[in-house]
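Chains as they are written, first to last, in this note's numbering: chain P, 1 to 329; chain G, 1001 to 1287; chain B, 2001 to 2247.
Careful, some of the hints might be misleading.
What the hints assert, rightly or not - Listed below are the simulated SDA-like cross-link pairs for lysine to any residue, each with C-alpha atoms no more than 25 Å apart in a straight line:
#1 B:Lys-2092 / P:Met-293
#2 B:Lys-2092 / P:Phe-302
#3 P:Lys-127 / G:Leu-1265
#4 P:Lys-127 / P:His-75
Treat the hints as calculated values from the structure; they're not laboratory data.
Quick caveat: nothing in here was measured; it's all calculated off a predicted structure.
Here's the letter readout for the chains.
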Amino acid sequence: MKHRNQLLLIALLCVLLAAGVFASDYVSGIAAEIMIFGIFAMSLNLLVGYTGMMSFGHAAFFGIATYMVIGLGVHLGISGWWGALAAIAASTALAALIGAFCIRVTGIPFLMLTMAFSQLLFAGALKWRSLSGGTDGLTGFVPPDLFGVSLAQSAGARYAVVAVGFLLVLLFLNCLVRSPMGSIFIGIRENEQRMRAIGYPVQRFKLLAFTIAGGLAGVAGALYAFFNAYVSTDILHWQQSGDAMIMVVLGGTGTVVGPAVGAGIFLLLKTVISSHNEYWALWVGAIFIACVMFLKEGIWGFVSGRLRNHSRRPRATQAPAVPTAEAKK
Amino acid sequence: MDFFVSQLVNSLALGALLFMTAAGLSLIFGLMNVVNLAHGSFFMIGAFTAMSIIQLTGNFWIALGVGWVPAAALAVLMERVFIRPMYSSGHLNQVLLTFGFIFVFGDACRFVWGTDIRNIAPPALFDGSLHIGGVILPLYRLFVVLFGGVVGLALWWFLERSRIGAMVRAGVDDPATAAGIGINVPLLFAAIFALGAALAAIGGIVASPILGTYLGMDIEILIPAFIVIVIGGMGSLRGALVGALLVAFIDTFGKAYFPDYALFLVYLLMVLVLLTRPQGLFGIARG
Amino acid sequence: MTLLRTEKLHKTYGNLVVTKNVDLEVAAGQRHVIIGPNGAGKTSLVHQLTGQIRPTSGRIFFKGRDVTGTAPDALCQMGMGRTFQKNNLFQKLSVRENVRLAVQAKQGGWYEALRSVGSRRTQWERADQILEQVHLTSGYERRVSSLSYGEQRQLEVAIALATEPELLLLDEPTSGMSPAETDRMIDLVRGLPVSLAVLMIEHDMKVVFSLADRVTVLYYGEVLTTGTPRDIQGNARVREVYLGGKH
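Chain P on its own, in the form it takes in the complex (with noise of 0.2 Å):
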């Protein structure tokens, strides 16, 4: 897109978040949640369109993220925001050590490694019933104050937060994929080997994308600390990842914000057709099953390449699905 067209998008997009502060709070509380699994989504998605890496196991690092903030705050009375930064740290670090042992694998082991790390800090998190409160959860957490504000009754200052933090992250994930380490990030996904024979350290790499990814979802994890005041050990199950997959497919690897509209997509289906019928799985399946045999580019891919092509002019060549680093004219 052009740089003009950028910043006009994003102008747009922070009227449009500002005004969700003035909202009811049922709908701030919703475009929050829509924000949070947005981050969530769009921090795996560094890995999957980017890099081509395939995990199974993110929410280890929201999980982990979430409960460092609560447990921080319920165990020892840390303020929320002190916990929110080590909250980062602690799933950056985490996905450091973890990302250090999968890089060693790819394709499907990798898959199934990510997932058994993930599982293992989610029986961790089971067993270790004092610090984590088990299935029950940890209750009894105070969101912080914002400038005299408190988070934990307004759901105008609670939105605002994580507004803007979805801003920041949407921002740095835009800067990124299109600066040099993106670039390489992408090189790695469109031909590994060629990469190593170019003479890119390609191992190091893929543990920076992973560990940047679950730093960022990390980001996310404490924003729903703050957001849910609650945590438990469901939110460590792989199912929480694969939620996050979904979201991504049905929003699109191709580009940096899809699958923040697929996370969009996924909590809106949900909400709105669990309120008429319980088959909310069937429908989202379905159409998940759908974005993967036909929409490769995900309904937000598809979306936007149909705006593209109608703003521009004709071009001769295709457009890649996949933004590619392109010479600024």
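Given chain P's structure and the hints, the job is docking chains G and B onto it.
Here is chains G and B on its own, set in the frame of chain P:
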């Protein structure tokens, strides 16, 4: 000692169940190169179908005899309509596809059977226990061990000794050549997928008197089944057996002697195997 | 000065010997061609030289250093570039990006996460320069998959050149090419800087005689003989085992 023996029987029974379920999964991967995450769904569908048949006829054996049919039929449908177009899309896309089916099948089961779900009792023939020198051995569990052994032998014979098994192996090694000598490869693949699903369904039917019948059993069996074939090796029947016994032992004895660590140990084993020998103990190293 | 040297390079797979005590020497600036019938172990040799597989025994020396078992990326950083026998490009990326990635590998700036790649003018310009050098003149924004086979082979060389190697390993660069495309490739290689050593695996005798300073003949994994093209032409044993090649 008595405790040890009864735990041994328990772990053998669990191992037999895991083996039957994982064997189907391993078969499908080994022969067709497809990773089917919805395998647990077939397990659950088998159990639920059996439950309905027993409610209708009161007979466990009829349920075991035909309860796997709906699962197998669904598998054929799934393979022909959804998986076949995806053969060339690569493993990871197939994983995603079958993952989506977990959701669809899960809700479908909820729709069909709803809240009217009841546990299956063991058949009258095996309801009760054997008392040997102070040890109480539930007859049903002994049956499960035996049954698992029979299924294993039958599978082994089918793959290694029969003509159909040879065709299967040919069709997988080189579909083009196999087609060239008259083997109907598409039919073969559909049949294998159905066989894998049938195995899972049978596993579910046999498992339910022990593990229960409930929504969510599809997801709960999935991870153990995958752990088994990761450890044992994807595509290896022997691996499925060894992996199943290993996991069952660690899980059962772990729960008995180190209750808090059992789950942990199983996952740890999975991690270790994946790091040192990604193709599993007996698996074929495939891309 | 010897740039690349192997010492009794040996590779076995169980009972199968694919590389048998190979001694090879490539001097700086030399055009060295390895020929041999199919199954002679040429590909295996390339894989060992470029660090993709580890030899069973023997040593490889590059610029005087023992690089046996060194990983491909480290070797490339040391100055060994390579092309692949089967096109191994970034199919979905643009032609220009293919080369730019290689330029970036050499020039650095890998860890910049916030500046856009588009602002790296020098890299884009260098990429265009190299593309011209390999006689690819237009359509730099096209996806690789839309290039012809011959053009893709040229791009293979461009990517390898972009890493500024001292030794360029060309693995059957003219494979699958028409006579016209082959001539173009010969011109391309001829036009490479004289300071750049080129080690080429080839089948096509025309290429061999147009380009080689030195020829090594490989047969069943071992070196049959090595010498100038003229020596090889006159060698009866070579004629006997290697009646292949197009004249």
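Notebook entry, point to check: Within a Cα-Cα threshold of 25 Å, do Lys-127 (chain P) and Leu-1265 (chain G) meet the stated pairing?
Noted result: Holds, at about 12 Å.
Check: Does the structure keep Lys-2092 (chain B) and Phe-302 (chain P) at a Cα separation of 25 Å or less?
Finding: holds (18 Å)
Margin query: Holds or violated: Lys-127 (chain P) and His-75 (chain P), Cα atoms, limit 25 Å.
Written below: Roughly 17 Å between the alpha carbons, so the hint for Lys-127 (chain P) and His-75 (chain P) holds.
Margin query: For a C-alpha distance cap of 25 Å, please report whether Lys-2092 (chain B) and Met-293 (chain P) respect it.
Written below: Since the Cα atoms of Lys-2092 (chain B) and Met-293 (chain P) sit roughly 20 Å apart, the hinted pair holds (cutoff 25 Å).
No hint from the list above goes unmet by this structure.
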